[in-house]
Amino acid sequence: MLDSMANENPFQDALRFDRQVPECAIVIFGANGDLTKRKLMPALYRLAYDRRLSTGLSVVGSSRTPLSDDQFREKMLEAVKEFSEDTDFDESVWKTFAQGLFYVAGDIGDAGLYRRIAEKLGTIEGERHTGGNVLFYLSTQPRQYAPIANGLGAAGLGKGNGWRRLVVEKPFGHDLSSARELSNQLHQVFSEADVYRIDHYLGKETVQNILAFRFGNGIFEPLWNRRYVNHVQITGAESIGVEDRADYYEQAGALADMIQNHLLQVMATIAMEPSASFQATSVRDERSKLLRSIRPMTPDEVRQNAVPGQYGPASIGGEDVKGYRQEKGVKPDSQTDTYAAVAFFVDNWRWAGVPFYVRTGKRLPKRVTEIAIQFNSAPLHLFNQDGAWNTANLLIVRIQPEEGISLKFLSKRPGTGMTLRPVSMDFNYGSSFGERSPSAYETLLLDAIIGDATLYTRQDMVEASWSVVEPIQNTWRETRFDFPNYAAGTWGPAAADEMLARRGHEWRKP
Amino acid sequence: MGTTVAPEKVLKELSALWVAHGKEGAAAGAAGVLRACSMTLVVLAETGDDLAALGETIAALMPEHPARALMIYLRGAGPRSLAERVTQQCWKPFGKGPQICCEQVEITASDAALADLPLVLLPLVVPDLPVIVWCRSARLLRMPEFRQISTMATKVVMDSAGLAGLAAVMGWMADATREGLMIADLSWTRLTRWREMLSHVFENRDYLAKLSGISEVRVEFAGELGVAAWLMGAWVANALADAGVKAALRVEKQDGAALRMELSGPEVRVAMERQGDRLVIAVNRLSNCTNLPQPSDYLLMREELGIVRRDAVFEKSLVSAARLAYSTDK
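Chains as they are written, first to last, in this note's numbering: chain W, 72 to 581; chain B, 10 to 339.
Derived from the structure by calculation, the hints contain no laboratory data.
Hints may be right or wrong, so weigh each one.
[Claimed, not checked] One side of the interface only, derived from the structure: several residues of chain B facing chain W at Cβ under 7 Å:
no., residue
1, 201
2, 207
3, 213
4, 248
5, 251
6, 252
7, 292
8, 295
9, 299
10, 300
11, 320
12, 324
[Stated by the list, open to error] What follows is a set of in silico ranges between Cβ atoms, one per label pair, in the way DEER data are often shown:
no., chain 1, residue 1, chain 2, residue 2, range
13, B, 231, W, 233, 37 to 45 Å
14, B, 231, W, 160, 26 to 34 Å
15, W, 299, B, 161, 25 to 33 Å
Model, not experiment: these values are computed from the prediction.
C-beta atoms are modelled at their ideal positions from N, C-alpha and C, and glycine is treated no differently.
Taking the hints into account, I'd like the entire structure generated from these sequences.
Structure (structure tokens):
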């Protein structure tokens, strides 16, 4: 009994308690940046507010700006107050949380920075009982990932008394070879199991709920295949333009910025085979397998199945909106795609022949991310249906802004005649469970601390995504497009509509 | 209002309300009314209870736990009579989109009519879904009719806080549990966040390694928190015993803090105390403060409605607490 005592917490109560979080220190590189202020620190504060963090949890911020611990705490306090959504600010909670905030200034190219971080972590481990567990969070420019990993490795920080994990934000390379190169460099210090590639889409409640919906219910999975599904539409639309990200966006474009990572991960979640268990490895194996089953396109197929777009100026609601080429930092003859629509095909028995239409774009009519699964129509029209209502069943999974699931079906209109009308059965995540959904960063940070990588992207998944996106990129690079080809505030270029029309399909207007 | 209640009539009235809502919805351009239902919730309350506050609690619970709510109001002595009223609550989660509604049936019963209640309630429960009975009446708990009502329950929720006779109350609950009734006590629910924080401390390997040195567990309580204090003490003692640690347990009534707990030994001291809307936990020299709102009926029921299976940890703690409190009482 005494032996087991040293390993197991006797106070656990899985029925009522949330997942227990081990003690650790989090080192944030780029601690003075926007992501830390807007997302990471508010998420950590909320977790502290909700009693989700261990008593001694500590955060070491690092960036080039010289700051004392207290100055860093003051900056983070401002960030938490400004950017915490639907969370009350509680002075007492902040006070104890802030006692665990520390700061180490330095240049990532300077070996001294890593020595100072190591010293700080040593002190924290002794005073705050963090058990030597450290989560390194790279909230920096992607080009700094490899130098930081090298610096950590050289200072011996890749290993220690407890676990060591590395969290990196997208993009994971800008093509297949750069993604591989980046992984090779990270793997010199951290094993693949300790590298957590964050994709905040996978942290969203509804994306996780797709797994519950598909594999927790017996009635949907039998329909989830080429016999019953006609096609799938995945939309990630944004109403804003490039804002102040022109530098990055000029290099990336919509295809690499959204489809290569977020939307292909969503597609993999929708289309993957059931995993043997809900263990991270099993789920990620299935996602990876699905991504590897997506058919890479030849240049001819790219021209048939992929449409780039770029928004032009327009007047929306009386307000003049700039075209992409007029945005600050954008070349006047830019060929960057601000819109991309692709018809993917999955070469496996379940999905052979079913198009997965994936589209994303800037300056579309509204901000919405959703998946629409259109089922085949009834084989015979028994009823005198009005053409407008002669629609197939649709299952819509909304990821943002209002997370929820809707099922559209036809029903007889009450009365003596046999008139059908569509009805929609809606499940709204917020109103159905009332409870506040944790932000994607809260979920993902907790997962990383706990060591649950289910919602993180693995290297083979990154490579599989690049393998299907790269041929499209290459073909587009060799083509000169007549941009702009859609007006801001519209649903994208006409060519995207034609791409679907060729198969008798039509884009939904969410 | 009559002196009897016909379940068939109540069911017809519910259907009529759905039709009326459907027509209103159709007139407003919506595509019909949709119902979400995850359980039947039977609430037993005295007419002297704060029924307005209770109504608000039920309304707040419905979005998370959509249910057919059967509200039974006990009006005490008087001739044998039952009366009912049928209402619905609706909300529109998608702006102008379809509504999701919850049904509510209110039945007023005199004590003399309590024996009629089980057969009235039986046809009104929603088929295939759990039946949760929330008994807010201390008086009813001790009446034989309550046992009859509870036989249809998947789970019975009660609140031991404020009930007279601490050891007897726990003994009654322990007996009911042994007889197979799935029982939940809100005194236990109030402890969840406390227990979770304590558990959190021992997720830390440094502190876990010092667990064997804990020699004393002290729980202090004031006011109506006697059952909660004994349950907490029994839970900690059981957990320590499971880990092979023998610690002395002291549960004491104090004038000061409403609830306070301390585990101590030569190398580790953990103290927990509520301070307003916060829980302050001190582990040796480190202290941590987290949000802990006062547990309203809404928060407590929200947790209990989410658990529709036996709570083995509670049941074990209850049996131990009843035994310990009884021996202390003697």
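Which of the numbered hints are not met once you compare them with the structure shown? 12 and 15
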